[in-house]
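Participant: Chain residues, written in single-letter form:
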Amino acid sequence: MTESISDLAIPPVIAPGETEAAVTDQISALALREGTWRWWWIGFALSVALLVQGIFAACWAFAQGIRVWGNDWPVMWGFPIINYVWWIGIASGGTFISAFFFLVRVEWRTSLSRIAETLTVFAAACAGLYPIFHLGRPWLFYWLFPYPNTMGLWPQFRSPLFWDFAAIFAYVTASVLFWYFGLLPDLATLRDRASRRGTQVFYGVLALGFRGSGREWGHYRAVYAVLAAIMAPMVVSVHSIVGLDFAGALTTGWHSTQFPPFFVFGAVHSGFAAVLFLVLPLRRLLGLEPFITGRHVDVLGRLLLTTALCVGYSYIMDAFFAFYRGEAAERLWFLDRVSGVHASVYWATLVLNVALPQMLWWRSLRASQPLLMLVSAGVIAGMWLERYGIVVTSPQHDHIPSAWGAYAATVWDWSLFTGTVGLFFTGFLLCVRLLPVISIFELRELVRGQR
Amino acid sequence: MAHLLFGFASPEALQEAARRLRVERLGAVETYTPVPLTGGGSWIPWLILAAGMLGATGAFLLQSVATVWSDPLNVGGRPDFSWPAFMPMALESGLLCGVVAGVIGFLVAARLPMPYRPVDEAETFRRASRDLFFVALRSGNAAALAHARALLHDLRPAVIEEVAA
Amino acid sequence: MTVRDRPGRDALAPPLAQRRRVLGLMAASMALAGCDPGGEDRALLPPVRQPPGIQPGGVNRYASVLTAGGEASGVVVTHRSGRPVKIEGNPNHPASLGATDAVGQAAILDLYDPWRAASLSRQGVPQAEGVLLEALAALRTGFAADHGAGLRLLTGSVVSPSLARAIDAVLAAWPGARWHQWDGIPRDNVLHGAMLAYGQPVAVVPRLEAAGLVLGLDSDLLETAPGHLRHARFLAAGRNPTRADTRNRIYAAEATPTLLGVRGDHRHPAGPQEMHRIVMGLAASVLRNERPEGWIAAVTGDLKAHPGRALVHAGPDLPAEAQALVHAVNEALGGRGRTFEVIDPPQRDPVLQEDSLRALVADMADGRVRVLVILGSNPVFTAPASLGFAAALARVPSSLALASAPDETTDAVTWFVPAVHELEDWGDALAFDGTAAIAQPQLLPLQGGRSPFELLPLLYGFTAGDARAWVRDTWRDRLDDTAWREALSRGVVPGSAAPALPVALRAEAATLAPPAPPSGLALRIRPDSHLGDGRHAGNAWLQEAPRPLTRVAWETPVLISPQIAARERLANGDVVRLACGTATVTAPCWIMPGQAAEVVVAVAGGGRWQAGPVGTGVGSDVTPLRGQSGVVGLRRTGDHVAIACGTRADGGLELSRDVAKRMAAAQQQPKPSPQPSLYPPRSGGGAVQWGMSIDLNACIGCNACVIACQAENNVPVVGCEEMLRHREMHWLRIDHYDEGPVETPRTMLQPMLCQHCEQAPCEIVCPVNATVHDAEGLNLQVYNRCVGTRFCSNNCPYKVRRFNFGAYAREESRPPATRNPEVSVRGRGVMEKCSFCLQRIAEARVAADTAGPAAAEAGVVTACQAACPTRAFSFGNVADPDSEVSRRKAAPLSYAALEKLSTSPRVSYEARLDNPNPALDQDD
Amino acid sequence: MAAIFTPGANLAAKLVLIGGVAAGAGGLGWWWLWPRTNYARRVGFPVEQPVPFSHEHHVAGLGIDCRFCHAAVESSAAAGLPPTYTCMTCHSQVWTNAAVLAPVRQSFARHRPIAWQRVTDLPDYVYFHHAIHIAKGVGCEECHGRIDRMALTAKARPMTMGFCLDCHRDPGPRLRPRAAVTEMGWRRGPATPPAQALLAAYHIGARRLTDCSICHR
Ligand code: SF4
Ligand code: SF4
Ligand code: SF4
Ligand code: F3S
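Chains as they are written, first to last, in UniProt numbering: chain A, 1 to 451; chain B, 1 to 165; chain C, 1 to 924; chain D, 1 to 217.
Simulated from the structure, these hints should not be mistaken for laboratory data. Note that this is a predicted model, so its numbers are computed, not measured. All C-beta atoms, glycine included, are put in the ideal place defined by N, C-alpha and C. Mixed in with the good hints there might be a few duds.
Said to hold, decoys possible - Far from chain C, by Cβ distances over 10 Å, these chain A residues were calculated:
#: 1; residue: Phe44
#: 2; residue: Ala58
#: 3; residue: Trp77
#: 4; residue: Leu103
#: 5; residue: Tyr180
#: 6; residue: Phe181
#: 7; residue: Leu282
#: 8; residue: Leu285
#: 9; residue: Ser344
#: 10; residue: Ala406
Said to hold, decoys possible - Interface residues of chain D toward chain C, partial, derived using beta-carbon atoms under 8 Å:
#: 11; residue: Ser76
#: 12; residue: Ala78
#: 13; residue: Thr84
#: 14; residue: Asp124
#: 15; residue: Ala206
#: 16; residue: Asp211
Stated by the list, open to error - Quick partial rundown of chain C residues pointing at chain A, CB under 8 Å, derived from the structure:
#: 17; residue: Gln563
#: 18; residue: Asp650
#: 19; residue: Glu654
#: 20; residue: Arg725
#: 21; residue: His726
#: 22; residue: Asp735
#: 23; residue: Tyr737
#: 24; residue: Pro797
#: 25; residue: Asn804
Could you build the full structure based on these sequences and the hints that come with them?
Facilitator: See the structure below:
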């Protein structure tokens, strides 16, 4: 892998001629600049507007009960779980890039890790809200925690939903800690670059007094490596468990042992697509081309192609097992899926997730940014459709034909969904504005190492 | 007491400077660098390992005790002690405890939060997070400080600054 | 279940008086609670003086009788803490035998219907009691002048001897007065046919217990025919060879599917012309020994081969001549005294009601009617539009309607006098076989109101009658005080069944010829299976339960055959315009599999415009079509409405056959082990292990169980909007599986409820232990623990779990105090499902434990089981090999639904086994 | 002046950090403890009643048995409160004009029930059954405390699910001979049969009393 990446024909991971001082100043300046870009304000206003209407949708669902959504009998889950799985999948991309590729020590990770991790934090936050909101009685969500209560009751530890709860809780907490931990040296850098008192105090408080002393660095490096080593299996376990949420059920189409790896593939697929989708415009808008070079874009393109192949393999297995198992219910379900009311969802999934990314076999196409945007947007949408297919078509066409049903989302489903999109971008844009978008100290290391 | 700070342009110079100061035992020596230079020797990974093991076994025990002894229930005809089903939470708990222990351990080991340190008073010190590699000597002995200046002169420190401590 | 004797020393007056007091109190708290259904009144209100026999939390049961549409059915009303909460059939009553139908189950909801709270009014203006009395006095003065020549009474069929006596008293006092009858959907053809055949009005009572072969011709034997519950019971008893020695065979020829036809071994769709051929062929073959053509040939062969065991039943749509021919055929088949009996009709003075009503309208239009008194009939809504009843009514100077809730008629009359509900009144009624039942009030009228026995005497005297005294007097000669008490407590007057009439068949009957029907699209008007002629439209339980055959709820669509649908390119819910004679009606259509090709069925009972908040405007009004003759025109309008409906699936799928099984006789295999495979590898199983077996040979899909469960378990109604998203809450549903071509499907009916799986997939996935197993093998749903993750429903292969998407119970217009206090009322956001009537089990458990040494709880009867007319359910202890349920589970037909999923359900089914005639293709 | 913070900030930062952790832990502790407090469970807080009825007086003073007033307790799920008529058996003779008894007399005269406020109040989803407990020798005192010492009636036990389960897991030690059920202040004596014997005598043990279906439906 390292070999192919250091292939000389490929552009370098950082533009030549950069120095520690230069990179530090450039990246810091982005966070410390006085005014704010116009595009930022527009984006931020839009995001906040979406967020506000999403908060309203959440309050409405809370007041009226979840009847305002399209969930019905027999499709009990619908949008909230589709969106949950989708967001958590997107979140995985960040962790993968920053933790997994840290462990295998690829250098192009450096410029991407911060954006990717930030993406993880907010996507995971959006994901984490859904399992709570979607409950019939959300105010009792804490019953999923094992805590000593006056009822003498415990959660049901055998339920995949409980595992899921534990996994999400662990993942969100760990992601935030990992992200913040990674930010510490950069916060210190910003503190030291800031000229106004308020800004200095702001970053000073956040930096906790990190100065880059020998003692600090010594522990920092060791801890970072171990945390990365923990995050990598964690992200795999989280998605395996999300897969088990379905695979643990008897429901047609869900009861499949391949779901855990399948969900990991799917998650990473959408995660990489999301990173790509955000990085391409950001490097242009923030002038990051020297740091996020064509090389990065190319690598991401290849990764997307790889995951597309993995996901494609899963789809084939999915279809194969529906028939191989020899169960009428599975067969009928699969036929309904590919030719029933939601057939378009299935075929669109295949096209967007597998067929379209095949264009990335060609380097020239990989170099085309609009095309990459298109493919990554396609994959993001395609992965949403894939979850729609899983969450809706299976219970809709389960073992008992008398209970075959239908599903249609309502305006409140959409409203909450767009609300989470608003939440994501609100948080993401705030971070883009206030925090270094690229890990400065790692860039310094990189620059030094290249010299 | 005072801190004497030397800022170098290269890590090699810094490392040499630190070595010299330590050998001479002139006072407490600490380095401040824009990029990590030292590595290893941390005990925190062991803490993380311990916390992870503890978190995992703790979670496993909690589940076992709750289902076998405290509140045994017939759930889908499964045995009370369905240990395979207890693994996912044990794993997640172990991983989470590891992460939390790592971060807390780091704060403790690095003595953070520490918003103020005397070296902050140095005007040039902020370049420690940019391009200069600092070594700080802390001593109450003016002679020792003077000796240090002399000792490091040949390494051509980019800046030298002395602040009260 | 037994009917508990009335408590107290003197069983007549005191207990009722006592109960009244408790209930008066309850009415007060109901009124309190009624304004704020959410808020709870947590105060404890002990009675001022404790009535004997009633204690807080106590249970009492009293017999009564319900007479919907002129048919009496005995019931037992369960009271908890002195308040009626549940209706069950009275095993002593011949028309019930312990069962009820859906309508009977739902009557308890009517009792508490807030829409009944109406005040006495004159032309819509509330009046004091005195004003009415004065007005009646003025009327009496008028009658005295002309012997009541301007007085007309309009009632439904009268099966109550006391009411008949009251009417007689009026007619005796005013010889000029006339009495008319109108039932909404009269059975004129049946009466006319009986008169043609026997020369006098008689009731021909089928006796299914002796009928081994039944041929139904558009038969309503299991639906609206008098005694249908009893018929269903005995018909079902002959279906499962492992439960009975006899085995019957059912043929049905019908324009649109009926419960009998769907149950039958051979179902033959027959439009009017084919039906004409069949009737003629049947008569020719049986009466004249000719050889008929077609389907009927094989059938008559079979009928004739079983003299004395065969019965032909004609539904009320068949013309009178055809009815008479059928009587002749039955006589010729030697059924008299065996498969049917001829008795005096239980109705007083039965008349051809259409003629009766026409005569009344003519008199009204001519101004000959000065006073019209309407009792328990809603002619303004139900009278054929062509008669012009409403217009004629406007010409009557004084009209008065006694009705238990405001309706179209009470709006149109001068005086509306609110009536007490049947369950609040004294009364009596003759069952279809003449057996008398006496009803005592179950509670003090909740909303006030009068009894007809109070009102009618005011037409000729100064003092209002006293209902109890009136009914008692009717029976004074026949019942002394002891016998009277006995009759009240048993719910029937023993030995009062009508004797067989020694009347002979008229010879002409065999030679009658029904008129040949015209060709073209034929129109049939059928009462809605739940709403009847519309009288039950205000009952939300009845509206929401998917109708037995159409599966439609909250709508009364026009039923079209699949052929018409294909020809006109119509889909369910497309609005069509029907034209017949001078009338047109627009209504959404519904494709009815198995309906005869050229038949359109208009369902009556919908489209009421004054039926309270629940029923008003639900469904389409087809009364304009009534009374019109000739062929019907059908055109699509291009509009479409969404119609809520229940479950219906393709029975031809391999998958369906894993759920709802048919077996051929050859497939039956004795179960390997008679001991049901119990799964107690977990320690700590209780001594009693509950289980259920459901006989698919018995179930006729009548919905009684569905509504019984709803009533027993406080299952809320969700309304049409929510039902369109399939959010209905029924814990028990009747699944339909149609197999074969849509023109002649074979339909399987399967009651589907929680299977109480031993390896319950729902339990494993619940993250909070809200659904777990108890030691007695129940799959529990602990509502207060459920947080609503809904995974359990996704993972239940039988999809029997119901989720409260909204606070449905709170939104019901039903005072909280009227619910079953033994069952939690579930709030929003929790899952619920069949609990095997846990409250009944708990009651038995506590009773057994308080009784002492290891008294095992026995005789737990679930609500669905109790209601079922066909005894499809067996419930009990599967750990006891001698229990009924264990024996059923050991039967060779027994199987578990979706067995291959290894959920080990505690509910098992007995596969359907048909008894086809080898001479006929079964798809015929 | 290059440093951003003063030396005091170090202490402040640590305090904030430790304080935050302590506040979180304290909050959790409170959240855990609160539902167990007598205040939250209303244990020992008399409820205001229309008539200040004193069990102390009527039970300890006059020696009336519980079942005289709570007549349904042996046969029904609910113990029931005495109908006004029961009060009037005495109070038509004694204290006939007392002002505090005015509501009783009014209730009797106007035929309106006295609205007693609930003291022991289980949520609607819990189904308790008095008769079975009395039949199996669970004393009133076990759940209602020393009623005979209450001048105003108050809840005596927390009535949490844990409280019920404590006994349902192992009822033996809390059972009494049938005759002592309504006795206040009863103690096991040398003549009292041991727990095992009582369990056997009452045939307790056939049920799994901790099943949810025992109390919830
Ligand atoms: S099982 Fe239900 S639907 Fe079937 S016959 Fe019995 S009561 Fe009717
Ligand atoms: S039928 Fe469904 S709800 Fe009932 S026990 Fe089985 S899985 Fe659970
Ligand atoms: S057993 Fe009871 S709860 Fe279950 S379906 Fe029948 S009536 Fe309903
Ligand atoms: S999974 Fe559990 S939380 Fe409720 S909705 Fe089902 S019982």
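Participant: Now tell me if each hint is right for this structure.
Facilitator: Here is what the structure says about each hint:
Phenylalanine 44 (chain A), annotated as away from the interface, keeps every beta carbon of chain C farther than 10 Å; the closest lies near 35 Å. Every Cβ of chain C is farther than 10 Å from the Cβ of alanine 58 (chain A); the closest lies at roughly 15 Å, confirming the non-interface assignment. Under the 10 Å C-beta cut-off, the non-interface status given to tryptophan 77 (chain A) relative to chain C is violated; the minimum distance is some 6 Å. In this structure leucine 103 (chain A) is separated from chain C by more than 10 Å, as the shortest Cβ-Cβ distance comes to about 33 Å.
With a least CB separation of 29 Å from chain C, tyrosine 180 (chain A) remains clear of the 10 Å interface cut-off, as annotated. Interface exclusion of phenylalanine 181 (chain A) from chain C stands, the closest Cβ pair being 31 Å apart, more than 10 Å. Once the 10 Å rule is applied to beta carbons, leucine 282 (chain A) is consistent with being away from chain C; the minimum gap is 37 Å. With a least beta-carbon separation of about 41 Å from chain C, leucine 285 (chain A) lies farther than 10 Å from that chain, consistent with its non-interface assignment.
At the 10 Å boundary, the C-beta of serine 344 (chain A) stays outside the reach of chain C, the nearest C-beta of that chain being 21 Å off. Listed as a non-interface residue, alanine 406 (chain A) fails to keep its Cβ farther than 10 Å from every Cβ of chain C; the least gap is roughly 8 Å. The beta carbon of serine 76 (chain D) comes within 4 Å of a beta carbon in chain C, closer than 8 Å, and the hint placing it at the interface holds. Nearest Cβ of chain C to the Cβ of alanine 78 (chain D): about 4 Å, under the 8 Å cut. The hint holds.
About 5 Å separates the beta-carbon of threonine 84 (chain D) from the nearest beta-carbon of chain C, less than 8 Å, and the hint is met. A cut of 8 Å between beta carbons decides the hint on aspartate 124 (chain D): the least distance to chain C is about 6 Å, and the hint holds. For alanine 206 (chain D), the suggested interface contact is upheld, since its CB lies about 6 Å from the closest CB of chain C, less than 8 Å. With 8 Å as the threshold, the beta carbon of aspartate 211 (chain D) comes within range of chain C, its nearest partner Cβ sitting at about 4 Å, so the hint holds.
Annotation: glutamine 563 (chain C) was flagged as interfacial toward chain A, and the flag is violated, the nearest CB pair being 25 Å apart, outside 8 Å. Checking aspartate 650 (chain C) against chain A by beta carbon gives a least distance of about 6 Å; that is within 8 Å, so the hint holds. Using the Cβ-Cβ criterion of 8 Å, the hint placing glutamate 654 (chain C) at the interface with chain A is satisfied: the shortest such distance is roughly 4 Å. A distance limit of 8 Å between C-beta atoms decides the matter here; for arginine 725 (chain C) the minimum to chain A is near 4 Å, and the interface restraint holds.
Checking histidine 726 (chain C) against chain A by beta carbon gives a least distance of about 4 Å; that is within 8 Å, so the hint holds. The interface hint given for aspartate 735 (chain C) holds, since its Cβ lies 4 Å from the closest Cβ of chain A, which is under the 8 Å cut-off. For tyrosine 737 (chain C), the suggested interface contact is upheld, since its CB lies about 7 Å from the closest CB of chain A, less than 8 Å. The interface hint given for proline 797 (chain C) is met, as the beta carbon of that residue sits about 4 Å from the closest beta carbon of chain A, less than 8 Å.
The closest approach between the C-beta of asparagine 804 (chain C) and any C-beta of chain A is roughly 7 Å, which is under the 8 Å cut-off, so the hint is satisfied.
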